[in-house]
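Given chain Z, put chain S in place with the hints provided.
So the protein lines, in turn, are chains Z and S. Position one of the first sequence corresponds to residue 1 (my numbering), numbered consecutively onward. Position one of the second sequence corresponds to residue 1 (my numbering), numbered consecutively onward.
Calculated from the structure, these hints are not laboratory results. A hint or two may mislead.
[Unchecked claim] What the simulated footprint calls covered on chain Z by chain S, stretch by stretch (three residues with Cβ under 8 Å from a Cβ of chain S suffice, anywhere in the stretch; the number is not a length): (1) 47-53; (2) 107-117; (3) 121-128; (4) 179-188; (5) 339-349.
No residue lacks a Cβ here, since even glycine has one placed at the ideal position from N, Cα and C.
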Amino acid sequence: MKTNGFLKTWLTVGLMSGLFFTSCKHSPEDTVTPETPAERKYGLWVTATDGSYILTTGDLMKDTLLTPANNQGVDITSYLPAAYYGVYAYCYNGYYYLSADGTRFSQYEITDAGRFSEVNNYAFSSTFYIGKVAANLSSDDELVFTATSGKENTEENVLEQPIYFMNTNTMTMNKTLIAKLPFLDYTVKQANGEPDDLYMVPTSMTIRNDKVFFGYKFRSNINYNDVIDTAFIYVCDYPGMENGKLLKDTRGGKVAGHWQVNSTSFVDDNGDLYLLTQNLSSKYGLIRIKSGETEIDPGYFFNLGDYNIFQNGSSQIQLLGEGRAYISPFVINPSQQKIVADLRILTDAIPRTTMNFVEDGKLYDVFKTSDSKWYVYEYDPATNTVKKGAEIDSGVSWVYHVNRLK
Amino acid sequence: MQINKVLLTALLCLFNIFLFAQKPGHITISGYIRDPFGRAIAGASVIIDGSTRGTVTDDEGFYKLEKSAPGKLLLKISMLGYVAQEKWITIGDNANVTHDFKLKEDRGKLSEIVVYGKTVNQTKVEDIKRSGFNVNVIDLNKHSNEAANINQVIRRTTGITVRESGGMGSDFVFRINGLDAKIYIDGIPMDNFGSSMTLNNIPVNLVDRVEIYKGVVPAFLGSDALGGAVNIITKRRNRRFIDLSYSYGSFNTHQASLVSTFAHPKNGLSVKVNGFYNLSDNNYTMYTEEKYNVILETTENNRYIPIEKARRFYDRYESAMGQVEVGAQNRKWADRFFAGLTYSQNKKENQLGATVNTVRGGNWSESNYIMPTLTYVKNNFLIKGLYADVFASYSNEIRHVRDTALHNYDWSGKWISNTLNSEPNEPVHMRYNNNNYLARTNFNYDFNEERTQSLNLNYNFNTSRQRSYDLVENRDVNGLPNRLGRHIAGLSWQGQWLKKRLISMLSVKYYGMDTYKQVDERVFGNNNTVVSGEIKSYNNFWNYYSGNLALRYRFAKDAGVKFSLERAYNMPGMTAIFGDGQNYLANWDIQPERSDNLNVGGYYNTFIKVNHFLNLDASVFYRRAANFINTRIVTQSDGSLFQFYNVPGVNLYGFEAEIKYGYKDLIALTLNGSYDKAVDNQKYTDDTNQQVSLTYKSQLPNRPWVYGNTDLTLAKNDWLGKGSRIQLSWLYQYTHWFYLSWAHLGTLASKDHIPSQMVQSVIISYSWKRNKYNISGEARNLTNERVYDNFRLQKPGRAFYLKLRVSIM
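Chain Z on its own, in the form it takes in the complex:
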């Protein structure tokens, strides 16, 4: 074969281009910048477009701008199937607990190097998503929680709902208790007269002294709508899990909530258990099981139907002490059936948080002002006042969690 200058030139160009591409880097430059350890560290789990980020600060009330822009904050996007999975995460004792892929229960931390890092995990043998957490029973070393679904026992016509006690130091299971939540003993029909196909959704779990209470609702497998305007509450011995009975109440509809971790029931300072209800017209209310009793208080129903609670998204109910509770955006006194404060009025803004946060008796929640600015607000129940804290970049689309990490 006769070769000449052209041939040599082009062969050289081809090979050089290959070598050029080959010499390119596989990855961006590694730029780890260790954070300066702080005495206190708070985390705000935010979403922006389709990404999720944890913004950290040493002081929620400091006049500063918290933003993931300009390469700030911890990018956790790759740990979630989608940004909205933030609603299924739970933060406890500085760790985030995720069951994002439905098989793995992971304990994550924010490292000093500013990374989201798995500390430990537990592998479930079948589908598992974390359900309600018994925060009052959990300790520094143990997390008590249930799953979003249990095991259907058709012989006894019950859902065997587990309560897991997990050692958070080793992520091993200390023990498991099983509650047997009864299904209906009759067939519910669709509008067209055909039998409906229902499944049970536990919406609350509260352990109070020697009793455990499960609120639950039924949904249609056919149209995925909630059915039956009745609150079902199963109560049994704890930890014996025996002597169970089913309580029903039709005044406020089903026990509100869904299977994600945010709690919609609480026990006040008097030991009275309150459960939020929601009827099929989306009107809310509160029912009560008084301290030491296992029956729904027939003389108590706090009708919240005229209040736009959870209008801006389902949120976490917080107990504020002195007989008060925060059901976003209202501070209420449930025993007296009074609205104490509307934080929308106090802040001139609307709440934008799923999992708000209480520390030292003060509530921390994120609000968006009418001019589209986002701030952390501190609410002090003692003075019934709010204080504006750190600003959050208005480009974020939601704040899922406000937590203390350290």
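What follows is chain S alone, placed relative to chain Z:
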């Protein structure tokens, strides 16, 4: 797959018929006509001097003259733009004579050079390609000895990204310049061909060429494509022909294909039989790569433990397709009339769920698909100069999606211990029944014999219906009936001006969408009596119009510029409008996606000292895409469902360039590079337009944006005997790394990325008896790179393939 065995047996019988159907005493003269660079010359005239006997070469530059009398004769070869040749040849009794020709270009007479596209024998398509569209044409005959599918070949082209999640049969996302593209097979939308016919499934041997239109799509494709279109032109021959290939390679991968035609020379009766069979265990090794945040795990005492590597154990893929067409060609009443039947089926195991460690051990799907078709093509239909092309089909696909695993798996291939005695996973068995009707007509009228002015009218209508059944619950999950019909019509005017220096194509398109649904608005009282309301029917009909203009101006013999401008729509699908009854909510008000496309490009071709060829192609593009159809989470009664909705969209811009060099037909070198950048164009995140998005004007993450290819081929003819050819190819693909999430959000230390890909492959092939017999070996991903198109989803490492091919003309 019992039916595969039946299919293969039938195909092998047919192969035997073809092989032994040669009549004794039958004399033929045949050969290839190529240019000095080994490229086939289609449409060249081959005449026996002094007789009326003659033919023209086909897309492979092949000619065949039959029943020639013994003796000495003069063959005359001619083709516009090439120096004609004559050759005396002597044939004896019972002889099959072969003579190849190499035509040199006649630089004095050459009016224009079309680097690719010379092999297009469908003149209507050629006209469009010579216009101002930004189109790449890949001649797959050049790749027929590769053990490759179409994806693997066309991703070497500029502006194309294919992101696969695994090996053969895996899911993939195909983009042209970063936008969704519609894919067609012989002008028919690929969606109509079922799940067995995909770009990563169809073997290269079934295909003549692939046309890739970027941005502006010609009206004749009847497309609602947004960012471009791919038109796969399958092999069609007007003569007896068979091409049979089989390859075997790593991961127990088998690929077989058959393309054949029997055409009776007198009565024009033709039978075409095509088919393919693919099987792969896809059991390649995956590796832990901490730097890419890829950590494979097994379990021990219900804890995930990192492991260094693991084999995929549940990703077997099997597919088969058989197609028979019977009809007539070159008749007075039809240039082509065929009735066809296509049957295909596949079975696919799905090992990976949402993440790389969500391992499934019992999730699989299978489908059966059948499609009868009718095709009619006629030049001078009713009046002189009118060309008609009519196609109609009905298709039915039944697809089963199942999950039979009771427990979760890990990478060891074993169940995770059920120490908690928890509820086993529920079995899943869904059946989907899809029906689709398609009708397509294409008329072209030439106003003069030079065809400098012509009008093209295209109309497509298709309607589809999906029914879903939960076979575990034994329930129809469709709800009330609904229906979707799409009408797309295009009218284009092509003109040639200034002594054919300027070619223009002006088109208008109409998109119509006809939707129908029933809604149960009844309210029931006691004893299920209807208190009020009724089942209401709703009809909607949406109209959209668009247009495009494509210009090409040739300012020198071998150089020109191209310009095209378009507004295009992409219509929403069944699930977007009606939901799926399970995970997706309906959105009756969803709008089509829209894109304004602009392309400007230039080309330059030159020959240096006759034997050297150089081609330069470069273009820039701009796309403004709006009303992007995206998904969001919608909360209903405390539960969450997906819903399709419109978002303002993105702007895309970029450029691409390609250099090709050839020395005779011994050396071919291609270098290309593409850069395309997509920028978020959604300014506000709230309805009051106050909250500016953090990602506004930022580059979209998780998409390749810089990529390039090098392809060097060295060949030697007649080295190991007359009529033989040995060829060595080195392929190199580069994709620059990119972030998984927005580059400017979050610290760099916390960000994940998809690493650069540098994939090298080597193919060596040897053919003898003038391409009749071929054997090739391929080493893919020779350096065993960790290749990821998607985050954590490692693709196969180094793999070897051996391919045998017989091609009888």
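Hints violated by the structure (listed by number, smallest first)
Hint check: 4 and 5 fail, others pass.
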